[in-house]
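Peer 1: Counting from 1334, one number per residue, gives the positions in the sequence shown under our numbering.
Keep in mind the hints are simulated off the structure, nothing from the lab. Mixed in with the good hints there might be a few duds.
[To be verified] List time: in silico EDC-like cross-link candidates among lysine to aspartate or glutamate, alpha-carbon distance up to 20 Å:
1) 1390 to 1411
2) 1429 to 1418
3) 1344 to 1364
4) 1408 to 1397
5) 1337 to 1376
6) 1401 to 1340
7) 1390 to 1371
8) 1374 to 1340
9) 1337 to 1347
10) 1344 to 1395
11) 1429 to 1419
12) 1343 to 1397
13) 1354 to 1340
14) 1429 to 1376
15) 1374 to 1364
16) 1344 to 1407
17) 1456 to 1407
18) 1438 to 1418
19) 1343 to 1364
20) 1390 to 1347
21) 1337 to 1397
22) 1374 to 1418
23) 1354 to 1376
24) 1429 to 1411
25) 1354 to 1364
26) 1408 to 1395
27) 1401 to 1347
28) 1374 to 1407
29) 1343 to 1376
30) 1337 to 1395
31) 1390 to 1340
32) 1456 to 1435
33) 1401 to 1336
34) 1441 to 1411
35) 1401 to 1371
36) 1401 to 1376
37) 1408 to 1435
38) 1374 to 1336
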Amino acid sequence: MGEKIREHLKKFREAAGLTQKQLGAMAGKGESAIQAYESGKSDIPLSALISIMGALKISFADLERGSKTEPPAEKPVEILIYNQEDRLNTAAILVKNGYTVEQGKRNKTPTGKALDYFLRIRKYDEAADTGR
């Protein structure tokens, strides 16, 4: 296992506020095993690495990079709703369920004689309070 992986393993353990003994207990390994993995005195078996990553809640990509990966930003979704009352009702339901909604219109044809009315929808960062 590469030196970089070992360094990152230690970095993630320390960032989680765990001792080698605590991480070992969470991953089903002894303190001496975690110490040997981090110091390079022992190769890390794949099964142990998977257990350790699970205990630290990180992916292999995180471990390789040395930082947690951010999920890709979701692209907004647009839905066409021509009737204004339907757009407003749909927007109200989406907002109540934790979405950010924008209403818009654009030319449907180059002449501008026809328009598309739409809602642009994004998932809001905070969980919706639907208990009201």
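Peer 1: Work down the list of hints and note, for each, if the structure agrees.
Peer 2: Checked hints:
With a CA separation close to 34 Å, the supplied pair residue 1390 and residue 1411 exceeds the 20 Å bound. Of the pairs offered as hints, the one joining residue 1429 and residue 1418 holds, with about 17 Å between alpha carbons and a cut-off of 20 Å not exceeded. Taking the CA atoms of residue 1344 and residue 1364, the gap is about 16 Å. The hint holds against a cut of 20 Å. About 27 Å separates the Cα atoms of residue 1408 and residue 1397, which puts this hinted pair outside 20 Å; it is violated.
For the suggested pair residue 1337 and residue 1376, the alpha carbons sit about 13 Å apart, so the restraint of at most 20 Å is met. Distance hint between residue 1401 and residue 1340 is fulfilled; the C-alpha atoms sit about 15 Å from each other, no more than 20 Å. With a CA separation close to 18 Å, the supplied pair residue 1390 and residue 1371 stays within the 20 Å bound. Proposed proximity of residue 1374 and residue 1340 is supported: the alpha carbons are some 13 Å apart, at most 20 Å.
Restraint check for residue 1337 and residue 1347: satisfied, since their Cα atoms lie roughly 15 Å apart, inside the 20 Å limit. Taking the CA atoms of residue 1344 and residue 1395, the gap is near 11 Å; set against the 20 Å cutoff, the hint holds. Only pairs whose Cα atoms come within 20 Å are accepted, and residue 1429 paired with residue 1419 is accepted, the gap being roughly 15 Å. With a C-alpha separation of about 12 Å, the suggested pairing of residue 1343 with residue 1397 holds against the 20 Å cut-off.
Restraint check for residue 1354 and residue 1340: satisfied, since their Cα atoms lie roughly 17 Å apart, inside the 20 Å limit. A hinted pair counts as satisfied when its Cα atoms are at most 20 Å apart, and residue 1429 with residue 1376 does not qualify at roughly 51 Å. The suggested pairing of residue 1374 with residue 1364 holds, with an alpha-carbon distance near 13 Å, which does not exceed 20 Å. With a C-alpha separation of about 29 Å, the suggested pairing of residue 1344 with residue 1407 is violated against the 20 Å cut-off.
Note on residue 1456 and residue 1407: the hinted pairing holds, with a Cα-Cα distance of about 8 Å set against a maximum of 20 Å. At most 20 Å may separate the alpha-carbon atoms for a hinted pair to count; residue 1438 and residue 1418 meet this at roughly 15 Å. Pair hint residue 1343 plus residue 1364 holds up; C-alpha atoms about 13 Å apart against a cutoff of 20 Å. Taking the CA atoms of residue 1390 and residue 1347, the gap is about 13 Å. The hint holds against a cut of 20 Å.
Simply put, residue 1337 and residue 1397 have alpha-carbon atoms about 7 Å apart, close enough for the 20 Å limit, and the pair holds. In summary, the hint linking residue 1374 to residue 1418 is not supported, as the alpha carbons are separated by about 69 Å, beyond the 20 Å threshold. This hinted pair checks out: residue 1354 and residue 1376 have alpha carbons roughly 18 Å apart, not beyond 20 Å. Simply put, residue 1429 and residue 1411 have alpha-carbon atoms about 18 Å apart, close enough for the 20 Å limit, and the pair holds.
For the suggested pair residue 1354 and residue 1364, the alpha carbons sit about 4 Å apart, so the restraint of at most 20 Å is met. Between the alpha carbons of residue 1408 and residue 1395 the distance comes to roughly 23 Å, so the proposed pair goes past 20 Å and is violated. Straight-line distance between C-alpha atoms of residue 1401 and residue 1347 comes to about 14 Å, which keeps the hinted pair within the 20 Å bound. Under the criterion of a C-alpha separation no larger than 20 Å, the hint pairing residue 1374 with residue 1407 is inconsistent with the structure, at around 43 Å.
For the proposed pair residue 1343 and residue 1376, the alpha carbon gap of about 14 Å is at most 20 Å, so the pair holds. A C-alpha spacing of about 12 Å is found between residue 1337 and residue 1395, which places the hinted pair at or below 20 Å, so the restraint holds. The straight-line distance between the Cα atoms of residue 1390 and residue 1340 is roughly 17 Å, inside the 20 Å bound, and the hint therefore holds. Restraint check for residue 1456 and residue 1435: the C-alpha separation of about 12 Å stays at or below 20 Å, so the hint holds.
Restraint check: the Cα-Cα separation between residue 1401 and residue 1336 comes to about 18 Å, which is no more than 20 Å; the hinted pair holds. In summary, the hint linking residue 1441 to residue 1411 is supported, as the alpha carbons are separated by about 14 Å, within the 20 Å threshold. Between the alpha carbons of residue 1401 and residue 1371 the distance comes to roughly 19 Å, so the proposed pair stays at or under 20 Å and holds. Note on residue 1401 and residue 1376: the hinted pairing is violated, with a Cα-Cα distance of about 23 Å set against a maximum of 20 Å.
Between residue 1408 and residue 1435 the CA atoms are separated by roughly 13 Å; this keeps the pair inside 20 Å, and the hint holds. In summary, the hint linking residue 1374 to residue 1336 is supported, as the alpha carbons are separated by about 11 Å, within the 20 Å threshold.
Comparing the model with each numbered hint stated earlier shows that hints 1, 4, 14, 16, 22, 26, 28 and 36 do not hold.
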